[in-house]
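Kindly generate the complete structure, drawing on both the sequences and the hints.
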Amino acid sequence: MDTDEIKFSARGVQVYYGDTHAIKDVDVDIKSKTVTAFIGPSGCGKSTFLRCLNRMNDTIDICRVEGDIRLDGEDIYNRKVDPVQLRAKVGMVFQKPNPFPKSIYDNIAYGPRIHGLAASKAELDDIVEKSLRRGAIWDEVKDRLQAPGTGLSGGQQQRLCIARAIATEPEVLLMDEPCSALDPIATAQVEELIDELRTQYSVVIVTHSMQQAARVSQKTAFFHLGNLVEFGETGHIFTNPVDHRTESYITGRIG
Amino acid sequence: MSDATRHSAPRTSLYTLSPLTKRRNATERRFKAYGLIAISIGVLALLVLLTSIFNNGRGAFMQTYVTLDVLLPAEKLDKNGNRDIEEMKAVSTFGYAPLITNALISRLDEIGFATDLKKKEIGAIVSKEAAAQLRNFVLANPDSLDTTVMFEFLAGGRIDGYMKGRVDHESAALDNKVSPEQLDIVDALVAAGSLEKRFNWAFLTAPDASGQRPEAAGLGVAFLGSLYMMIVVLFLALPIGVAASIYLEEFSKQSRLTDIIEVNISNLAAVPSIVFGILGLAIFINFAGLPQSAPIVGGLVLTLMTLPTIIISTRASLKSVPPSIRDAALGVGASKMQTVFHHVLPLAAPGILTGTIIGLAQALGETAPLLLIGMVAFVREYPAGPPEGFFDPASALPVQVYNWTQRADPAFVERASGAIIVLLIFLILMNAVAVMLRRRFERRW
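Residue numbers (this note's numbering), protein chains in the order written: chain A, 55 to 309; chain B, -10 to 434.
Source of the hints: derived by calculation from the structure; they are not laboratory data.
Everything numeric in this text was worked out from a predicted model, so none of it was measured.
The beta carbon of each residue, even a glycine, is placed where N, CA and C say it ideally should be.
Rough simulated footprint, nothing fancy, chain B against chain A, three-plus residues with beta-carbon under 8 angstroms:
1) 109 to 115
2) 159 to 168
3) 218 to 225
Straight-line alpha carbon distances no greater than 27 angstroms define the calculated BS3-like cross-link-like pairs of lysine-lysine that follow:
4) B/Lys242 with A/Lys78
5) A/Lys150 with B/Lys308
6) A/Lys156 with B/Lys308
7) B/Lys325 with A/Lys156
8) A/Lys175 with B/Lys325
9) B/Lys166 with B/Lys186
10) A/Lys196 with A/Lys150
11) A/Lys87 with A/Lys150
12) B/Lys242 with A/Lys134
13) A/Lys150 with B/Lys325
14) B/Lys325 with A/Lys134
Structure representation (structure tokens):
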């Protein structure tokens, strides 16, 4: 494996919620321009681990993270790292679509504004349009950019959130079950989008749907009870799992 | 009953109610009835309260005025004839009172009403306030001397009472402050159009008056005092309360200390208001040396009292903002502070505003702590404009109500009820604004 391609490398990551040991000694490497899927039964820690990657767990008082997570070789839990700067590089899309109760335009423009990415109104307009196009929602909303983002349908809202996340030009995009609240058509649209995003970003997606993981990802990690059981090429994991727990899960015996 | 017996029970029709269902329905009906009874009692009590206050206080908004042409003789009011204001001030209101009496007598002659009442008794129809009004006019317009000027004077308190039906010939016969003969004069003056009842703006603008002249008493000073206090409360309690809540809710880590602070904030909300008065007396007046009866002290005390209300409602509205909004903002790389000020606070604003206005309304109606810091004093001077005015003695609306209910003259009962109506109107207005803000700015997510 070429080390240049590695975006995130995690070594010996432990996460505790109070007394609960939620993530146990996880090592994982996430490559750039790749979709990495985290699968596993509910409560196995895949979302928790995802939230470690942009330090969203910092907002939870009782959560404690140990171990070493490096983004481009830099320890993201280093004292000198401001999580705000990290999150500008590592964008996130959440399980439930959560547009701001503002206009569609402002939803997208918010990130670029606070990071000072646009020098003028025209530049900002440009970023908004580009992001919405990449979010595959431009055609649906171009005539109502001033309409509230909360007025869109669920699938549109989620694509808006993805567009919002890529508006700040992140290097990695974390997606926490982005399709769990969507219908099959919207899911297909989002999956198509993820596939396109792969050309520019490193995408990490948590999903409950093994079909989805098989469809969109190149690498898959299977989590079980806080352990990373198996990590490898998606094709391998689904056709030729090494660990019996992985096999049980993908064949539906545990879950 | 075990499952087995239930399965073997005979088939029942949906059209007949089982005893259990009947019992359940009866309980539900009873519960609804209790609720209706409770609400009816509440509404009835409110209606009785409002009707009685309205009936008592309605009169305060009308006032009886006597219109008279008064001759202002220079030889009496300016003995030296050089129109020097300082010299003219030597003539006290006692020098002016006979002029009014004379004007009244000549008016009675004009309309051909003969009376054998003494001069002094005729003069008593007009309020004692009238002489002061006349004197102020002459001192302000010395050129008016030796001319005849038309004035509208307040009628005496009893005369006003007669016009409003509070006093009649029978009760006047027993009253040493008014006689039936005086009331006959009043009837004649009304017939001649010199005496009439009009809307009483002075009730809202005039300062308080002594116990001898209820007809002149108004809410002006109390009004300003309350307004100043509300300004102080708004500008202190809102920023402090909101800042404290944001810190506690969004920034502070859960710890023993914050737990203690939280519990104590809730406790403070339950502390009797008079305790805040004692605190204000001890700290702001005795220790900090701020003046007594001043709106600044009242405002500070009420701020302390309002803070817990504002903090509790602000925290509740911050809590009600869904965490997904915070995640969304943090996810695009907003800092904690940007998250709070760009997203959480605007969404919580309607709740915060409502809480603040309700807190202010509470403070506006608060009496007990103000009694302790001397705002119950009799104040006739308007406080100056802000900011100096915050340190001038003033009264407050609820204290004025309390004050008037303590006075002997029955006319003050009417004034007190009138003041309650004014206070209630303000409270209703403030609550209406709170509801409006809530409706207007409430956003869905």
